[in-house]
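Here the protein sequences come in this chain order: A and B. Here the UniProt record's numbering is used: position 176 in the first sequence is 176, and no number is missing along the way. Here the UniProt record's numbering is used: position 78 in the second sequence is 78, and no number is missing along the way.
Just so you know, not all the hints are guaranteed correct.
[What the hints assert, rightly or not] Here are the simulated lysine to any residue pairs, SDA-like style, with alpha carbons at most 20 Å apart:
id, chain 1, residue 1, chain 2, residue 2
1, A, Lys571, B, Gly330
2, B, Lys368, A, Pro594
3, B, Lys166, B, Ala40
Hints are computed from structural coordinates only; laboratory data are not their basis. From a predicted model like this one, the values you see are computed outputs, not experimental measurements.
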Amino acid sequence: MSTFADKTFTPPELIRNFCIIAHIDHGKSTLADRMLQITGVVDPRLMRAQYLDRMDIERERGITIKAQNVRLPWQIAEKPHVLHMIDTPGHVDFTYEVSRALEACEGAVLLVDAAQGIEAQTLANLYLALENDLAVIPVLNKIDLPAADPDKYAKEIAHIVGCDPDEVLRVSAKTGFGVKELLDEVVLKVPPPVGDADAPARAMIFDSVYDTYRGVVTYIRVVDGKITPRERIKMMSTGAVHEILEVGIISPEPKASVGLGVGEVGYLITGVKDVRQSKVGDTVTSERKGATEPLAGYREPRPMVYSGLYPVDGSDYPELREALDKLQLNDAALTYEPETSAALGFGFRCGFLGLLHLEITRDRLEREFGLDLISTAPNVVYRVVMEDGAVHTVTNPSDWPDGKMADIFEPVTKCTIIAPSDYIGAIMELCQSKRGQLGGMDYLSEDRVELRYTMPLGEIIFDFFDNLKSRTRGYASLDYEESGEQSSELVKVDILLQGEAVDAFSAICHKDSAYGYGTRMASKLRELIPRQQFEIPIQAAIGSRVIARENIRAIRKDVLAKCYGGDITRKRKLLEKQKVGKKRMKMVGRVEVPQEAFVAALSTDDDKKKK
Amino acid sequence: MPSALPAGDPAPADGSLPPSALAGLGSRPFGVYVHVPFCATRCGYCDFNTYTAGELGTSASPQSWLEGLRAELDLAARVLGTPPRADTVFVGGGTPSLLGADGLADVLAAVRSSFGLSPGAEVTTESNPESTSAEFFAGIRDAGYTRVSLGMQSAARHVLRVLDRKHTPGRPVDAAREARAAGFEHVNLDLIYGTPGETADDLKASLDAVYSAGVDHVSAYALIVEEGTALSRKIDRGVLPMPDDDVLADKYEQIDAAMTAQGMPWYEVSNWATDDAARCAHNLLYWRGHDWWGAGPGAHSHVGGLRWWNAKHPARYADVLAKGESPAAGRELLTADDRRVERVLLELRLRDGLPLDVLDPDGQAEAKLAADDGLLEPDALAGGRCVLTDRGRLLADAVVHRLT
Ligand SMILES: Nc1nc2c(ncn2[C@@H]2O[C@H](COP(=O)(O)OP(=O)(O)OP(=O)(O)O)[C@@H](O)[C@H]2O)c(=O)[nH]1
Ligand SMILES: C[S@@+](CC[C@H](N)C(=O)[O-])C[C@H]1O[C@@H](n2cnc3c(N)ncnc32)[C@H](O)[C@@H]1O
Ligand code: SF4
Ligand SMILES: [Mg+2]
């Protein structure tokens, strides 16, 4: 639908750039829906819930993974304004998307579910907005819910934002109640962008996306000067020059425009085919009379968790490589390097932002590229300093060095847990068992607390979140961020089948939990590996010291002895089915190991109970 | 609940067979199977295609079944061109003995009129011990039956109770003796082993009873917990324990030792017989991939590489035939690969074994390894045959996997 906002080069004083930030599921994308409708940019017939969640995987899981920007028209006192709104993801794995969005804005709508109150990512995202000096508009959402308690949570918010409870707006993204007032408030509270229209062009790349039909689409926010089509631009980090094929705005579909001026947000297309040539955080300037000083860039997202991805069918390895290449075009945070495992064959050691990122990537590889994959238990990055001074960075437990070690370092996080105060005891007990150190505790209201811990990342990615949820009946929320490393007494636990170590089962853990890991893995494998024609001893060992053992007895009978008469077809089909089952097994020496065994280290005992 | 039919291709309504299947018909042994889909009650472990009078109501009866059967045998004779004479006939169930001696005589007469019998043909009927008597055996002997197979299952009262069997522990042996007295040389007893609660002593009592009956053939089947049966529900609920594979292995060894000692060595993984003449020729025809026509609801047939199967429900079976159409519900034409796999699957279970050259080169190499692992007889292998060792018999499925 066309509106007055389709015309660009809007005077900066009439522009407002803001994003919506919140804890996961507090209703950001639904609020964005109402804004699209109220401003009339979406044809009512094409409207659908969470309109901006465009990826299949986002729609299926009902979560936002990628931030999305939209240009909206908004009249206040008959004066036409242009709003650039960015809907952001709420999940902790995608915090870097939020921090990029914040760089393109002067204000943030901090949305809080009026039935839940402040949660861990509410705080994390608020602090990010404050670090960026953004104007924060606190808003309670879902006030239509019977369980909503806006008075209580308005106080919580006022307390952390430092405002009066009456200043907290109340909306329902579901019914649209209060959304007009919110848009007015955005115009009033968020400062307009400032920049020098006459200075050489400088635009910040805050996103870069590969599109099969259009090549790389680069999202920019113009700071100084202007960007127009048919000119040549320069990427300031590399000096690479590109012809612009199209400049435009998103409203909410891409629309070509005559250019973008100070404070405006939009996209440009240059014909490059690789997002790495149009890097997020880079500054775009014009080729001729360009700027000399780039804008301050972003910190690149760094993988926090590693896992080996292997095709079940070894011959799919080239397809897996191609699929990873393609996914990486749109996912700068995904890293991968070839590796080989004696047990699993050829695969890749992949780096992810967190467990959800891992899960989603694996899911997309399987569904969008038709691959059948095994992923090994996730681990973090370790730094091992040897007595001879050599330093090893270990992203795969099977690369754990032999020899005398002087010191071992593991990444630690600062984490924030918000939960009803009834659960303080349970949470403290859990955190202590995961080597957490309490940093502080604050009451958000009389019955809800915020606990701050320093905790090894390796413990968090193991089964911490599941445990936290089950101990707090789902009421606790968790946020964490990297916070350096610490020296720890870590060991590598190997799992041996018939005396041979299976590299894919090795894990690094703290010496105090090695025995637990070893016994748990050995008994899990005893359950998961079917009996075979020979006995299979299972051992867990640290170096040559065996810390746990189990035994799978040899099978004595497998023959189907029943009278099936002339129904030979049934017998043959049964055999064929068993054969397919066997194909999905991996051979470790002579032992057939089902794939489930390789993910067993992932699953917690709680998972088992659920089944 | 009867188990499901396989998924296959549709079968033509006129029952016609492709020329490839008909080629060579009559040059191979030919058999006729007749399925009797009636039982007085359903045993909790059984998923065979059989129905009680209560389940059928007025939708089908032994009368409508017999009419259908006659129509199907006529159709068979028609589509086979020159129908071969039957070398074997097997009337199975369900409970054929529920038809009575006269009913079974009618069945055999129908087979005779469509196919005729080869000289010395083997004609078997399955019977449940409780629905037999000396007169019954005399009657079917008179009608031309040469072999009787009795569902004994166990000699232990509590085992029979778990299996929902209605006969008394002593009845099968008495029935076998009555059959022999009526002139049957060939009598088989079926045993089920591994029933929850069955002890080694219970099994020994069953084996002693078999010995005292003086039969020339025994089939012993490990209790299989079939999906959808009452037994399977009881196990799911924890009312009964799942039979343990190690216990089943012990019991198989116990049976094999006793049978061998009784002068009945094995000739198929689940079958023991006194001598060649006592072996069940009809079952051998299945295992050797020969031709047979299976008539009756849910019956399976095989002719020259074509397998097909009939509609399962007796009402549907009778309806289709009343319309003059074939009761076949689906079929499959076996590929060369299917046939090779089937040969391995079936012939490996025979004491006579499988010719080594049936296997592809990988399979032949695996056979050597399987012999090293003690699963195949090394001497037989040297002579070009794959024959299971005692241990190999219990692991036959794994050996089949390795060889195919
Ligand atoms: N009753 C009610 N439900 C709402 C409201 N706003 C959102 N929801 C529901 O809350 C759930 C989450 O909404 P989303 O808009 O996807 O939340 P989000 O914050 O974008 O979630 P992420 O992007 O994954 O962080 C959906 O089921 C919405 O229908 C509201 O005002 N009232
Ligand atoms: C085709 S049945 C029918 C014969 C007859 N009605 C009877 O039950 O004796 C033949 C044999 O299959 C065996 N059988 C049936 N169901 C079985 C099961 N679930 N597990 C093992 N053997 C089974 C029994 O030994 C039975 O005697
Ligand atoms: S009598 Fe035989 S066929 Fe009938 S239900 Fe029992 S086992 Fe099955
Ligand atoms: Mg969302």
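Taking the hints in turn, this is what the structure says about them:
no., hint, in the structure
1, Lys571(A) <-> Gly330(B), "16 Å, holds"
2, Lys368(B) <-> Pro594(A), "26 Å, violated"
3, Lys166(B) <-> Ala40(B), "10 Å, holds"
Comparing the model with each numbered hint stated earlier shows that hint 2 is the single one that does not hold.
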